[in-house]
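Here is what each chain is made of, one letter per residue.
2 protein chains.
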Amino acid sequence: MGKNIVVGQSGGPTAVINSSVAGVYSQAKKLGIDKVFGMVHGIEGFLEDKICDLDDYLATSTGVEMLKRTPSAFLGSCRFKMPKIEGNEEVYEKIFEVMEKHDIEYLFYCGGNDSMDTVKMLSDYAAAHGKSQRFVGVPKTIDNDLPITDHCPGYGSAAKYIATSLKEIIRDNSSFGAKKPTICIVEIMGRNAGWLTAAAALSKTVDCEGPDAIYLPERVFDMDKFVDKVKELAASKSSVVIAVSEGVKIADGRYVCEIGREVAVDAFGHKQMSGTAVKLAELIAEKTGYKTRAIEFSTLQRAATHIASLTDINEAFQVGADAVKAADEGKTAMMITLDRNGENPYQCGTSAHDIHDIANVERKVPDEWITPDGCGLTDDFERYARPLIMGELTPLYTDGLPAHLVRKES
Amino acid sequence: MGKNIVVGQSGGPTAVINSSVAGVYSQAKKLGIDKVFGMVHGIEGFLEDKICDLDDYLATSTGVEMLKRTPSAFLGSCRFKMPKIEGNEEVYEKIFEVMEKHDIEYLFYCGGNDSMDTVKMLSDYAAAHGKSQRFVGVPKTIDNDLPITDHCPGYGSAAKYIATSLKEIIRDNSSFGAKKPTICIVEIMGRNAGWLTAAAALSKTVDCEGPDAIYLPERVFDMDKFVDKVKELAASKSSVVIAVSEGVKIADGRYVCEIGREVAVDAFGHKQMSGTAVKLAELIAEKTGYKTRAIEFSTLQRAATHIASLTDINEAFQVGADAVKAADEGKTAMMITLDRNGENPYQCGTSAHDIHDIANVERKVPDEWITPDGCGLTDDFERYARPLIMGELTPLYTDGLPAHLVRKES
Chain P
0 MGKNIVVGQS
10 GGPTAVINSS
20 VAGVYSQAKK
30 LGIDKVFGMV
40 HGIEGFLEDK
50 ICDLDDYLAT
60 STGVEMLKRT
70 PSAFLGSCRF
80 KMPKIEGNEE
90 VYEKIFEVME
100 KHDIEYLFYC
110 GGNDSMDTVK
120 MLSDYAAAHG
130 KSQRFVGVPK
140 TIDNDLPITD
150 HCPGYGSAAK
160 YIATSLKEII
170 RDNSSFGAKK
180 PTICIVEIMG
190 RNAGWLTAAA
200 ALSKTVDCEG
210 PDAIYLPERV
220 FDMDKFVDKV
230 KELAASKSSV
240 VIAVSEGVKI
250 ADGRYVCEIG
260 REVAVDAFGH
270 KQMSGTAVKL
280 AELIAEKTGY
290 KTRAIEFSTL
300 QRAATHIASL
310 TDINEAFQVG
320 ADAVKAADEG
330 KTAMMITLDR
340 NGENPYQCGT
350 SAHDIHDIAN
360 VERKVPDEWI
370 TPDGCGLTDD
380 FERYARPLIM
390 GELTPLYTDG
400 LPAHLVRKES
Chain U
0 MGKNIVVGQS
10 GGPTAVINSS
20 VAGVYSQAKK
30 LGIDKVFGMV
40 HGIEGFLEDK
50 ICDLDDYLAT
60 STGVEMLKRT
70 PSAFLGSCRF
80 KMPKIEGNEE
90 VYEKIFEVME
100 KHDIEYLFYC
110 GGNDSMDTVK
120 MLSDYAAAHG
130 KSQRFVGVPK
140 TIDNDLPITD
150 HCPGYGSAAK
160 YIATSLKEII
170 RDNSSFGAKK
180 PTICIVEIMG
190 RNAGWLTAAA
200 ALSKTVDCEG
210 PDAIYLPERV
220 FDMDKFVDKV
230 KELAASKSSV
240 VIAVSEGVKI
250 ADGRYVCEIG
260 REVAVDAFGH
270 KQMSGTAVKL
280 AELIAEKTGY
290 KTRAIEFSTL
300 QRAATHIASL
310 TDINEAFQVG
320 ADAVKAADEG
330 KTAMMITLDR
340 NGENPYQCGT
350 SAHDIHDIAN
360 VERKVPDEWI
370 TPDGCGLTDD
380 FERYARPLIM
390 GELTPLYTDG
400 LPAHLVRKES
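As they're listed, the protein sequences go chains P and U.
Position 62, counted from 1, in the first sequence is what numbering that gives the first Met the number 0 calls 61; the numbers after and before it change by one each time, with no gaps.
Position 250, counted from 1, in the second sequence is what numbering that gives the first Met the number 0 calls 249; the numbers after and before it change by one each time, with no gaps.
Quick caveat, the hints were computed from the structure, so don't treat them as lab data.
One thing to keep in mind: the hints can contain errors.
As the list makes no split between identical chains, a pair holds if one copy fits it or if it spans any two.
[Claimed, not checked] Taking lysine-lysine pairs in the PhoX-like style, the calculated list, with each CA pair at most 25 Å apart, reads:
| hint | residue 1 | residue 2 |
| --- | --- | --- |
| 1 | LYS49 | LYS224 |
| 2 | LYS130 | LYS224 |
| 3 | LYS203 | LYS407 |
| 4 | LYS363 | LYS34 |
| 5 | LYS236 | LYS29 |
| 6 | LYS179 | LYS407 |
| 7 | LYS130 | LYS49 |
| 8 | LYS278 | LYS290 |
Hey, can you work out the whole structure from these sequences and the hints?
Here it is as structure tokens:
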């Protein structure tokens with residue numbers, strides 16, 4: 000009987016999370032691993048023994064290429080928090096039982112902070128109970144907030160979508176050149192870390208002036224100063240476009256989007272953000288009388304594989320492949336990190352890092368990359384982020400639309 | 000002294016409105032016309048003698064190709080309603096004065112219903128005052144609501160963006176396969192005509208089930224039936240995605256988005272729509288407790304040139320070119336129409352049609368193309384719309400982003 004492995008996807012999808020599955024699969028087959036299983040809906044589905052055999056989809060190179068072009072979690076995702084080991088041993092035993100049933104020796108989990116906690120908990124349990132199975136995390140998050148790694152697969156594509164769409168929005172907003180200013184407020188994901196909102200700065204190029212102000216959650220948001228800033232901008236130009244993080248908070252700690260209303264909470268206790276741009280647009284309309292428009296990129300910023308970054312796709316594939324290599328070399332309780340080795344030209348390698356340094360740690364935008372006025376990003380940020388959005392992978396168009404690979408529900 | 004012409008852009012931008020300017024320019028140069036001027040911000044700018052010389056941008060084929068890849072109105076747009084001739088002769092005289100000053104013999108105006116009214120008024124004035132200048136309308140509107148023409152340039156690209164994004168959203172929404180349903184409501188432009196919202200049906204392909212329900216403004220919207228429909232859908236599937244027009248109205252004639260709040264009005268007396276999806280998501284959350292998400296495509300659906308339809312780009316170019324031909328053949332008071340000549344393969348020609356049959360007439364989705372339950376589109380609609388989204392024009396990427404042509408402010 001051969002050696003088998005399993006890969007799962009967890010948390011919010013990204014445009015390239017499936018490239019990591021393709022990387023895991025391709026490297027495993029190179030190493031002669033027998034079966035590469037996919038968890039259907041992450042560890043939550045795995046607990047119910049819901050798996051699929053990736054040979055059914057990826058045995059041909061066409062399958063791998065289609066998977067790279069498929070948005071959202073091909074295997075299905077979940078938001079499942081592993082309980083404390085003590086008192087919940089049956090949950091862990093169940094996972095190892097399913098692994099043993101299918102001769103699974105390595106488990107790979109693609110995700111962000113919460114998912115890396117799952118890798119940590121499982122490898123801690125294995126270490127404490129003398130289990131030989133290995134656990135390696137594959138980084139994935141549009142939020143780009145994992146520590147140690149230079150950046151996270153998923154971020155580059157979200158950043159490319161944000162910058163591309165902002166260029167188009169800035170163009171659109173300026174088309175009327177009205178005597179009365181039009182203020183467009185664009186809300187971008189990122190609950191606590193402003194990496195995605197910072198990507199708005201990348202829309203500033205030789206043919207685009209970029210947004211007029213960018214507000215990250217790393218700085219306290221001041222409603223009065225915001226109104227003053229808009230008035231100041233509108234005094235000299237008729238089209239004003241402002242990028243704002245969904246997670247901006249005022250001085251008393253409340254999110255802007257929860258002022259005056261209740262906000263739902265998810266399985267991890269995270270508040271469901273939304274409505275920040277609408278709230279600010281209403282404020283501006285009320286205080287200035289200017290025409291306003293609120294735009295929320297919503298899930299498109301994590302799902303727009305049609306304009307994914309090729310750099311990101313390749314790196315997502317690489318971290319998946321290198322996770323398999325690491326496990327096969329005997330490593331466990333690790334996450335693969337991306338390590339920037341060169342700037343000009345940009346070069347990036349990988350290594351494996353202890354999961355305990357990573358799980359549950361959130362990395363924010365460095366303070367020195369935010370301009371002194373708190374409404375912009377420095378050139379250092381651009382030097383960091385620009386290489387991550389480079390390159391494209393042409394979709395396969397059928398019926399006039401990008402084609403995706405479909406998992407059959409069993 | 001040579002013969003000159005002028006072209007203007009008016010109303011909401013589209014992804015391909017600039018291809019029509021490229022078509023006007025290219026055909027004019029073929030015919031030996033001397034100067035091709037662009038109105039800066041439409042007829043409103045023209046009244047102030049604001050024009051540019053398109054040779055400055057389009058004299059090379061690279062310029063023309065870049066213009067085809069540039070979103071929003073390159074020349075600048077306006078929302079200017081021509082006043083009644085009687086009592087406002089000075090406005091008309093001013094326009095003819097500017098035309099005569101620059102030896103402009105033909106005027107081309109790219110726009111939708113309101114803009115075609117401008118063409119009608121100007122040609123009526125010319126006819127009444129023995130003026131020899133000619134006026135030809137170039138159709139443009141994402142709304143696809145101009146009569147006579149088979150469809151409108153701008154619609155195919157907006158439809159392609161909507162269907163592409165919906166495929167990605169449907170994928171994303173289904174990633175969690177939660178026990179508790181997730182209801183995603185997507186708001187699409189179209190104040191009175193449901194063509195854009197209908198394009199949501201195009202996302203149904205071999206690899207995508209499409210939205211679960213589609214609500215057009217052509218039918219009265221019933222809040223209670225809507226809630227029942229969502230409950231019925233959620234009983235059998237965990238991911239429910241619904242497309243809804245921003246312009247849906249309840250039985251008493253109010254827009255859904257204006258229930259409980261005031262809505263601003265533009266220069267033409269059109270209400271500024273927005274907030275329909277949020278309103279309906281709140282309703283569903285309140286009545287069912289399901290997790291909901293509201294997405295508005297907003298201006299991206301008219302600005303996303305990076306995923307424009309090549310068919311649309313080519314047809315937009317063609318109507319611009321054929322407007323010049325028509326004027327040069329002596330025609331005036333006309334709009335160029337697209338005439339479908341073949342289905343399989345799709346073929347489309349153009350002709351010139353009397354502007355008086357077109358201006359201020361709004362064409363809606365035929366009742367027989369809406370399914371009996373009022374929540375979907377028939378195969379006939381798909382046969383009509385699918386050819387319009389076919390083909391792509393690869394953007395020129397610089398700095399990792401689609402590059403655009405920039406007009407220099409004078």
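Non-conforming hints, listed in increasing numerical order: Hints 1, 2, 4, 5 not satisfied by this model.
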